[in-house]
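Number of protein chains: 2
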Amino acid sequence: MNKFFEAKSIAVVGVSRNKDKVGHIIFSQLLRGFKGEIYGINPNLNELYGNKIYKDLPSLNRKIDLVVIAIPAPLVIDIIRELPSVQCKNVVIISAGFKEIGNEKLELELKKEIEKRNIKAIGVNCLGIYDSFSGIDAIFLPSDRVHRPKKGKISFVCQSGAIGGAVLDLMASKGYGINKFISYGNATSLDETDFIDYLGKDKDTKVICVYVEGIKDGRKFLEVCKKIKKPIVILKGGLTAEGNKAALSHTGALAGDPRVYIGAFKQANLVYAESIEDLFNYARLLEKSLAPKGDNIQIITNGGGFGIISTDSIINNDLSMAELSQKTRKELRETFPKLVIVDNPMDLIGDATDERYDIALDRCASDKNIDVILVVLDFQTPLLTPRIVDVISKYKDKKPVILVATGGEPTEKIKRIIESKGIVCFDYPETAVRSIKRLVDYYNKI
Amino acid sequence: MNKFFEAKSIAVVGVSRNKDKVGHIIFSQLLRGFKGEIYGINPNLNELYGNKIYKDLPSLNRKIDLVVIAIPAPLVIDIIRELPSVQCKNVVIISAGFKEIGNEKLELELKKEIEKRNIKAIGVNCLGIYDSFSGIDAIFLPSDRVHRPKKGKISFVCQSGAIGGAVLDLMASKGYGINKFISYGNATSLDETDFIDYLGKDKDTKVICVYVEGIKDGRKFLEVCKKIKKPIVILKGGLTAEGNKAALSHTGALAGDPRVYIGAFKQANLVYAESIEDLFNYARLLEKSLAPKGDNIQIITNGGGFGIISTDSIINNDLSMAELSQKTRKELRETFPKLVIVDNPMDLIGDATDERYDIALDRCASDKNIDVILVVLDFQTPLLTPRIVDVISKYKDKKPVILVATGGEPTEKIKRIIESKGIVCFDYPETAVRSIKRLVDYYNKI
Chain A
10 MNKFFEAKSI AVVGVSRNKD KVGHIIFSQL LRGFKGEIYG INPNLNELYG
60 NKIYKDLPSL NRKIDLVVIA IPAPLVIDII RELPSVQCKN VVIISAGFKE
110 IGNEKLELEL KKEIEKRNIK AIGVNCLGIY DSFSGIDAIF LPSDRVHRPK
160 KGKISFVCQS GAIGGAVLDL MASKGYGINK FISYGNATSL DETDFIDYLG
210 KDKDTKVICV YVEGIKDGRK FLEVCKKIKK PIVILKGGLT AEGNKAALSH
260 TGALAGDPRV YIGAFKQANL VYAESIEDLF NYARLLEKSL APKGDNIQII
310 TNGGGFGIIS TDSIINNDLS MAELSQKTRK ELRETFPKLV IVDNPMDLIG
360 DATDERYDIA LDRCASDKNI DVILVVLDFQ TPLLTPRIVD VISKYKDKKP
410 VILVATGGEP TEKIKRIIES KGIVCFDYPE TAVRSIKRLV DYYNKI
Chain B
10 MNKFFEAKSI AVVGVSRNKD KVGHIIFSQL LRGFKGEIYG INPNLNELYG
60 NKIYKDLPSL NRKIDLVVIA IPAPLVIDII RELPSVQCKN VVIISAGFKE
110 IGNEKLELEL KKEIEKRNIK AIGVNCLGIY DSFSGIDAIF LPSDRVHRPK
160 KGKISFVCQS GAIGGAVLDL MASKGYGINK FISYGNATSL DETDFIDYLG
210 KDKDTKVICV YVEGIKDGRK FLEVCKKIKK PIVILKGGLT AEGNKAALSH
260 TGALAGDPRV YIGAFKQANL VYAESIEDLF NYARLLEKSL APKGDNIQII
310 TNGGGFGIIS TDSIINNDLS MAELSQKTRK ELRETFPKLV IVDNPMDLIG
360 DATDERYDIA LDRCASDKNI DVILVVLDFQ TPLLTPRIVD VISKYKDKKP
410 VILVATGGEP TEKIKRIIES KGIVCFDYPE TAVRSIKRLV DYYNKI
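Protein sequence lines correspond, in order, to chains A and B. Each residue of the first sequence is one higher than the one before, counting from 10 in our numbering. Each residue of the second sequence is one higher than the one before, counting from 10 in our numbering.
Derived by calculation from the structure, the hints in this document are not laboratory data. Among the hints, erroneous ones may be present.
Since the list gives no way to pick out one identical chain from another, each pair is judged satisfied if it fits inside one copy or across any two copies.
Keeping only pairs whose Cα atoms sit at most 25 Å apart, straight-line, the calculated DSS-like set for lysine-lysine is [to be verified]:
(1) Lys339 - Lys108
(2) Lys108 - Lys347
(3) Lys28 - Lys347
(4) Lys183 - Lys422
(5) Lys446 - Lys239
(6) Lys30 - Lys347
(7) Lys239 - Lys229
(8) Lys28 - Lys64
(9) Lys159 - Lys422
(10) Lys347 - Lys120
Note that the structure is a prediction, hence the values are computed from the model and not measured.
I would like the entire structure built from these sequences, with the hints used as guidance.
Structure representation (structure tokens):
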């Protein structure tokens, strides 16, 4: 499957002068970022942006690593038949109009043609693929509408194009990184299991993120997932009977009983997400954090109310409140002003400085009673400065240190700096704690 | 209690040259936005920003509507004794250092002095108060760190200063409006029930939002809440035993059994929020939306995956999927291209235009089978334009129309325009549906 992401030559079948057309978007995106050879195919076009456009694949007269197909459904099969002329075994089929609108027969015929020729096909009815490292950008959403995330270690397998596009754009604007993105729609030939299997072996992928509507072969899926020694975060669309019905009409996917799914996911140590937001919250924490040794969480904050809310969340998520060692307690009590609460939550109170956080983090990082440090920063207070980011950076490789900062634009500004240093910073304590729960559970099971 | 928010003259006791000091921040904030008379008190200061500073309250020699106290705890009581000299009955006591650090005795003494003189006091150990209409900004967080929200109809009663400050800043940066904000800390004299009672009668407040750690008099609280005919959204910090312990050391509040609290809240038709995020999500939906007639939700989207996720959420939240009437179904089927799915969810698919949304909304707005319309916009698709905002505005006064748009900066830009038209737009389908559930439940019970 490497050829999809390491292709040196790509042909786009169905380029067009019309800027709204899929073929046009993909062709021009590739021209912008891809360093290899790019060829456009359209029998009715001679030239686009100064590039010769070819009438069909055979007329290219050369070997092509990857063909992207964006033409009406009934014509796709002809292109599959032409693939040997360019010695190509890898295709991405963007084209819609197959079983998702009732054209089961056409899709079956296509599937047969693909498998007979031993071709690896992504799609049909999909958004395409993206690789932040190789510059292969074969996603049909224009980059002014969907910003592309920077380089990172999360790879994303996504059955729905809409959710895939939205998550890409969100990740980009929040400054999170991605590695590979695969939108696979109807899963006509290759399916979720194939992609997960591939990403499990891909050394550049640290976390696999999956949005799936119907799993083709449940047994194979779970077997493959169980063998993979990296976190797989999964959101399943169509878990309810009603959602399932909608999924059926969407990508023609068949779904099963929700309880069976969730139970099986847990058995295979998949990290199950209950919302789009959590899907990528869990993924980014699993990408960045160290593995926690246990579930004892220490809260450090300078806003009392945040300490209380975080405590409630820790208990509600079946995590444990760490118990400060006598040594830590004594040292901090002697160092800090009387109003500071040396306990869990530790309340450094409203006049906390960067230095006070430094002292608290230093002691907590070396306290063996603590497995995870949850730092809830209240940036609305007057004495914290952007230097707090450097303070926290000092400890992030000693123990999992997870941040929360709730607030508007002034807070968002500092959050972007924090994230740029490789520290995960959540918007709300409740989201952070829910994510920590998944982190702790994942590492306690493997 | 009107005097707090309609004061024409305010004295700040404890002004200072030091910009980080509470007295300085409040005094300069008032100078900036408050149209009435402002006086500063400090025996060691003659002048600040060209304003004469007085040595004590008696030397003012005039009637004062509101006194804000920001001096060390042991000195507060003397100021209370001086209040008759300015005929003042309303004070906000910012000062900390009372029962929250074990000084029970000092607080009790202060309480007696306040009540003996029939004074209305907010605090101690609080952030202050804010009124977006009268310009009374007596919050001690500088406005470059905590932006102030625009004018609106949500009033917020908040025991925690940290959470209050964060939510204000969040509301400001998301473009949501506020009416009155009351941070009340230890509730030495006036407590949550007094504030809620007042806001219940306040004609400018449409929704009351409450963050509370300990409720002083549960029976009185519930009685007052039950009588109020406007939505009250509540988040209770310290619901777990561990969180309760932390709350005790924070504002000295005593808390009770979580199940008892939640049960009682529901009985009094309070809208119970489980997180900071939901507290203000519920409040802003209740502020803006029409009352739904029932719980039949129709999803309209142009991203299939979003339709599925939204369906799952509707079912998981015990809401009902609306069943399109035969008339709507027939009309839309005849109008729309074959690939559009005329059902629930209604999938206008990736090439949806503003006009296609217009047609769908028009029919759904007049379909009696539908109580609430959930529009999930996929702005990553090429044919939607900012004009969609005007399309949606046409229907928002006919039926509750709630929007969702998931994405990064390009999507955020359009969301801000949507919100400025008085339409609520959520970030994720799951958040939207959870909020709709609260909206439906609230109006079904009154």
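Each hint, compared with the structure:
1. Lys339 - Lys108: between (68 Å within a copy, 23 Å between copies)
2. Lys108 - Lys347: between (69 Å within a copy, 14 Å between copies)
3. Lys28 - Lys347: Answer is between; shortest inter-copy Cα gap is 24 Å, intra-copy 66 Å.
4. Lys183 - Lys422: Both: 11 Å inside a copy, 14 Å across copies.
5. Lys446 - Lys239: within (17 Å within a copy, 37 Å between copies)
6. Lys30 - Lys347: between (67 Å within a copy, 19 Å between copies)
7. Lys239 - Lys229: Close inside one copy (18 Å), not across copies (54 Å); limit 25 Å.
8. Lys28 - Lys64: within (20 Å within a copy, 72 Å between copies)
9. Lys159 - Lys422: both (18 Å within a copy, 21 Å between copies)
10. Lys347 - Lys120: So Lys347 and Lys120 pass the 25 Å test across copies only (24 Å; inside, 72 Å).
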